[in-house]
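A.B. asks: Sequence lines, in order, name chains L and P.
Quick note, in our numbering, the first sequence goes up one by one and the last residue is 316.
Quick note, in our numbering, the second sequence goes up one by one and the last residue is 264.
It is worth saying that the hints were derived from the structure and are not from the lab.
The model shown is predicted, which means the values in this text are computed figures rather than measured ones.
Hints may be right or wrong, so weigh each one.
[Said to hold, decoys possible] Derived CB-CB ranges, DEER-like:
1) L:Gly99 to P:Asn17: 51 to 59 Å
2) P:Met90 to L:Leu91: 54 to 62 Å
3) P:Asn17 to L:Val58: 55 to 63 Å
4) L:Ser245 to P:Gly110: 31 to 39 Å
[To be verified] Just so you have them, the derived chain P footprint on chain L, three or more residues with Cβ under 8 Å:
5) 182–189
6) 290–296
[As the list claims (entries may be wrong)] DSSO-like cross-link-like pairs, simulated, lysine-lysine; straight-line CA separation at most 30 Å:
7) L:Lys300 to L:Lys30
8) L:Lys300 to L:Lys283
9) L:Lys30 to P:Lys186
10) P:Lys186 to P:Lys133
11) P:Lys133 to P:Lys210
12) P:Lys182 to P:Lys236
13) P:Lys186 to L:Lys254
14) P:Lys5 to P:Lys186
15) P:Lys182 to P:Lys77
16) P:Lys121 to L:Lys254
17) P:Lys250 to P:Lys237
18) P:Lys186 to P:Lys250
19) L:Lys254 to P:Lys145
20) L:Lys283 to L:Lys139
21) P:Lys133 to P:Lys121
22) L:Lys302 to P:Lys145
23) L:Lys300 to P:Lys145
24) P:Lys182 to P:Lys133
25) P:Lys124 to L:Lys30
26) L:Lys302 to L:Lys111
27) P:Lys168 to P:Lys237
28) P:Lys145 to P:Lys124
29) P:Lys166 to P:Lys124
30) P:Lys77 to P:Lys210
31) P:Lys182 to P:Lys5
32) P:Lys121 to L:Lys30
33) P:Lys250 to L:Lys30
Cβ coordinates follow ideal geometry from the N, Cα and C atoms, glycine included.
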Amino acid sequence: MLNFINALPGAISQGLIWGIMAIGVYITYKLLDIADLTVDGSFCTGAAAFVMLFTNGVNLWLAMLAALAVGMLAGLVTGILHTFCGIPAILSGILTQLGLWSINLAIMDMKSTVAINVTNNEFLDKLLVSLRFVQDVAKGARPFYRHPILVVGLFSIALIAVLYWFFGTELGCALRATGSNQNMARAQGINTDFTKVLGLMLSNGLVALSGALLAQFQSASEINMGRGAIVIGLASVIIGQVLFSRIFHNFALKLLAVSIGAILYYIVIQAVLAMGLNANYLKLLSALVVAIFLSIPYWKGKYLRPAVKTGGARHA
Amino acid sequence: MLEIKEIWKTFNAGTVNEKQALRGVSLTLNDGDFCTVIGGNGAGKSTMLNAVAGTWPVDSGSISIGGTNVTHLPEYKRAPYIGRVFQDPMLGTAPTMQILENLALAARRGQRRGLSWGVTKAEKTRYQEMLQKLDLGLEDRLTSKVGLLSGGQRQALTLLMASLQKPKLLLLDEHTAALDPKTAAKVLELSDRIVAESHLTTMMVTHNMKDAIAHGNRLIMMYDGRIVIDVSGEEKKKLTVPQLLELFSKVSGSDEADDKLLLS
Chain L
1 MLNFINALPG
11 AISQGLIWGI
21 MAIGVYITYK
31 LLDIADLTVD
41 GSFCTGAAAF
51 VMLFTNGVNL
61 WLAMLAALAV
71 GMLAGLVTGI
81 LHTFCGIPAI
91 LSGILTQLGL
101 WSINLAIMDM
111 KSTVAINVTN
121 NEFLDKLLVS
131 LRFVQDVAKG
141 ARPFYRHPIL
151 VVGLFSIALI
161 AVLYWFFGTE
171 LGCALRATGS
181 NQNMARAQGI
191 NTDFTKVLGL
201 MLSNGLVALS
211 GALLAQFQSA
221 SEINMGRGAI
231 VIGLASVIIG
241 QVLFSRIFHN
251 FALKLLAVSI
261 GAILYYIVIQ
271 AVLAMGLNAN
281 YLKLLSALVV
291 AIFLSIPYWK
301 GKYLRPAVKT
311 GGARHA
Chain P
1 MLEIKEIWKT
11 FNAGTVNEKQ
21 ALRGVSLTLN
31 DGDFCTVIGG
41 NGAGKSTMLN
51 AVAGTWPVDS
61 GSISIGGTNV
71 THLPEYKRAP
81 YIGRVFQDPM
91 LGTAPTMQIL
101 ENLALAARRG
111 QRRGLSWGVT
121 KAEKTRYQEM
131 LQKLDLGLED
141 RLTSKVGLLS
151 GGQRQALTLL
161 MASLQKPKLL
171 LLDEHTAALD
181 PKTAAKVLEL
191 SDRIVAESHL
201 TTMMVTHNMK
211 DAIAHGNRLI
221 MMYDGRIVID
231 VSGEEKKKLT
241 VPQLLELFSK
251 VSGSDEADDK
261 LLLS
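Make the full structure from the sequences, and use the hints.
C.D. replies: Quick look at the structure:
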């Protein structure tokens, strides 16, 4: 129990970081109605790009901007495969994801792990977030405002504010209309191919940014770090929706719900680990949880229909 | 306003399902014409409308709207000229978006969409007044999701959306076919009003011969991918359903389609 409580701040921080990735998934899955599997690759691309640049002395914010850019590039590739080449969205995502595995390795100089040297205090101080900061703040070695929960929390709120603004603009509305009804969107003169590509770029940009943050948090970028990211993203989206859909109607609050969903997901994972589950079973557990939550709406419709009159008087 | 020249379209070419849907259709509509289109199932009515709207490219022929050749433009680039209402009430609106947002999207039909607000305050009051005129109680539900509306309400909203940004051409594709008779009559009346108010050039596909005769100033009948009857002006005003049927059997050389037209 004590273990669990001690690990909680770390779990919440990590949940917040994955929450940014989940918001990216929300954009494709919920707003565009596309299940985009690129994220499993682009998450690591963001991390790899960030770590390579940062360890070579590039400014932190520039390196994060670069992570955002490479993520958007990955989204662009998936978007072009889907719209210009006519490949189904899921398959386009899988293809990009597969290709990215090699690219990610190439970015990391063909090494499966590249670490940020955090024993060097000069490097560590420059980082935006790190698991070490959690302990440092608790010990009083660092000011409270360096705590990852506060930093990533504020970062997430800023991102949500920007997204809230964007999806309220004409362009953002066009993107939402594309996901809601493509026929209608085209009849209103919206180039749906363009809006889809834009949505995929935006989504993967956020995913890569989240990867860059996680690389800082765990002070390394690792080739497998994005594996299963789409499932974590979907889990966060669904948990957020199940818990908050009745009270959160505003778009910004819906994004916040996704972020909270990711935090809850990591708290649950932490709790299961504290109960002694072998960490290697985590992926199976995640897959099961998401499968069940995705099935619930279907089962509800099939078996729990509202009572209606059937049969009645027969004339024939 | 609309000039269709010899358009041909074959679906599933080279397969057993090959279907010549349009076989050299030519039609010219003048500014302000309200043309009704009738014909049996598979006669090519909706296909002609989709060809004009640009759902897919035609095999040959040309289409121009208001003097602009649109034959090779994709659907979304023809949108500035065309307002549309579909047969399926689900097709014309974005169900997960608010009534207000749907109207705002339609008000920007064919314009560049940038980073200014998607819905402005001034628009809100304007739409409220317009919805009040529809008399469907929608003016108090501006922020409701369109997915919650009935089929009739959606078609009325789609009509309003199609006319918000005055189109050069209004395409109504059996837009009352999925509604109950009472609602259908109401939506049809609304269509008449909107067309008259904005003096819109209109093509309306219908299955109902009486409606086809009662509305508009011109009537065309399609059969087997061609326009076989074209009446307008005084001649159309005097037209009756039996006369139309007689005309049709003369042109098509059979009366097998009578049932199709009458029963559907």
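A.B. asks: All the hints need checking, so say for each whether the structure fits it.
C.D. replies: Hint-by-hint comparison with the structure:
A beta carbon spacing of about 37 Å between glycine 99 of chain L and asparagine 17 of chain P contradicts the range 51 to 59 Å that was offered as a hint. Separation of methionine 90 of chain P from leucine 91 of chain L is about 27 Å and departs from the stated range, judged on CB atoms against 54 to 62 Å. In this structure the supplied range 55 to 63 Å holds for asparagine 17 of chain P paired with valine 58 of chain L, their Cβ-Cβ distance being about 59 Å. Between serine 245 of chain L and glycine 110 of chain P the C-beta distance comes to about 35 Å, which sits within the given range of 31 to 39 Å.
Restraint check on the region 182–189 of chain L versus chain P: 7 residues with Cβ-Cβ distances below 8 Å, three needed, restraint holds. Against chain P, the region 290–296 of chain L contributes 0 residues with a C-beta closer than 8 Å to a partner C-beta. That does not satisfy the three-residue criterion, and the hint is violated. Proximity of lysine 300 of chain L to lysine 30 of chain L is assessed by CA-CA distance (about 19 Å); at most 30 Å being required, the pair is judged to hold. Our distance criterion of 30 Å between C-alpha atoms is met by lysine 300 of chain L and lysine 283 of chain L, whose separation comes to about 26 Å.
Taken as a hint, the lysine 30 of chain L and lysine 186 of chain P pair is broken in the structure, with Cα atoms around 35 Å apart against an allowance of 30 Å. A C-alpha spacing of about 13 Å is found between lysine 186 of chain P and lysine 133 of chain P, which places the hinted pair at or below 30 Å, so the restraint holds. Distance restraint check for lysine 133 of chain P and lysine 210 of chain P: the Cα-Cα separation of roughly 27 Å lies within the 30 Å cut-off, and the hinted pair is therefore satisfied. About 25 Å separates the Cα atoms of lysine 182 of chain P and lysine 236 of chain P, which keeps this hinted pair within 30 Å; it holds.
Restraint check for lysine 186 of chain P and lysine 254 of chain L: not satisfied, since their Cα atoms lie roughly 38 Å apart, outside the 30 Å limit. Using a Cα cut-off of 30 Å, the hinted pair lysine 5 of chain P and lysine 186 of chain P is violated, with the two alpha carbons roughly 34 Å apart. Note on lysine 182 of chain P and lysine 77 of chain P: the hinted pairing is violated, with a Cα-Cα distance of about 36 Å set against a maximum of 30 Å. For the given pair, lysine 121 of chain P sits about 23 Å from lysine 254 of chain L by alpha-carbon distance, which is consistent with the 30 Å threshold.
Our distance criterion of 30 Å between C-alpha atoms is met by lysine 250 of chain P and lysine 237 of chain P, whose separation comes to about 20 Å. Simply put, lysine 186 of chain P and lysine 250 of chain P have alpha-carbon atoms about 34 Å apart, too far for the 30 Å limit, and the pair is violated. At roughly 16 Å between alpha-carbon atoms, lysine 254 of chain L and lysine 145 of chain P fall within 30 Å of each other, so this suggested pair holds. Using a Cα cut-off of 30 Å, the hinted pair lysine 283 of chain L and lysine 139 of chain L is violated, with the two alpha carbons roughly 33 Å apart.
For the hint pairing lysine 133 of chain P with lysine 121 of chain P, the CA-to-CA distance comes to about 19 Å; that is within 30 Å, so the pair holds. Using a Cα cut-off of 30 Å, the hinted pair lysine 302 of chain L and lysine 145 of chain P holds, with the two alpha carbons roughly 24 Å apart. With a C-alpha separation of about 22 Å, the suggested pair lysine 300 of chain L and lysine 145 of chain P falls inside the 30 Å cut-off, and the hint holds. A C-alpha spacing of about 18 Å is found between lysine 182 of chain P and lysine 133 of chain P, which places the hinted pair at or below 30 Å, so the restraint holds.
Distance check on the hinted pair: lysine 124 of chain P and lysine 30 of chain L sit about 26 Å apart at the alpha-carbon level, within 30 Å; holds. Between lysine 302 of chain L and lysine 111 of chain L the CA atoms are separated by roughly 49 Å; this puts the pair beyond 30 Å, and the hint is violated. Between lysine 168 of chain P and lysine 237 of chain P the CA atoms are separated by roughly 25 Å; this keeps the pair inside 30 Å, and the hint holds. Between lysine 145 of chain P and lysine 124 of chain P the CA atoms are separated by roughly 15 Å; this keeps the pair inside 30 Å, and the hint holds.
Taken as a hint, the lysine 166 of chain P and lysine 124 of chain P pair is honoured in the structure, with Cα atoms around 18 Å apart against an allowance of 30 Å. In summary, the hint linking lysine 77 of chain P to lysine 210 of chain P is not supported, as the alpha carbons are separated by about 35 Å, beyond the 30 Å threshold. Our distance criterion of 30 Å between C-alpha atoms is broken by lysine 182 of chain P and lysine 5 of chain P, whose separation comes to about 38 Å. Proposed proximity of lysine 121 of chain P and lysine 30 of chain L is supported: the alpha carbons are some 27 Å apart, at most 30 Å.
Our distance criterion of 30 Å between C-alpha atoms is broken by lysine 250 of chain P and lysine 30 of chain L, whose separation comes to about 55 Å.
In the structure shown, a violation is registered for the earlier hints numbered 1, 2, 6, 9, 13, 14, 15, 18, 20, 26, 30, 31 and 33, in ascending order.
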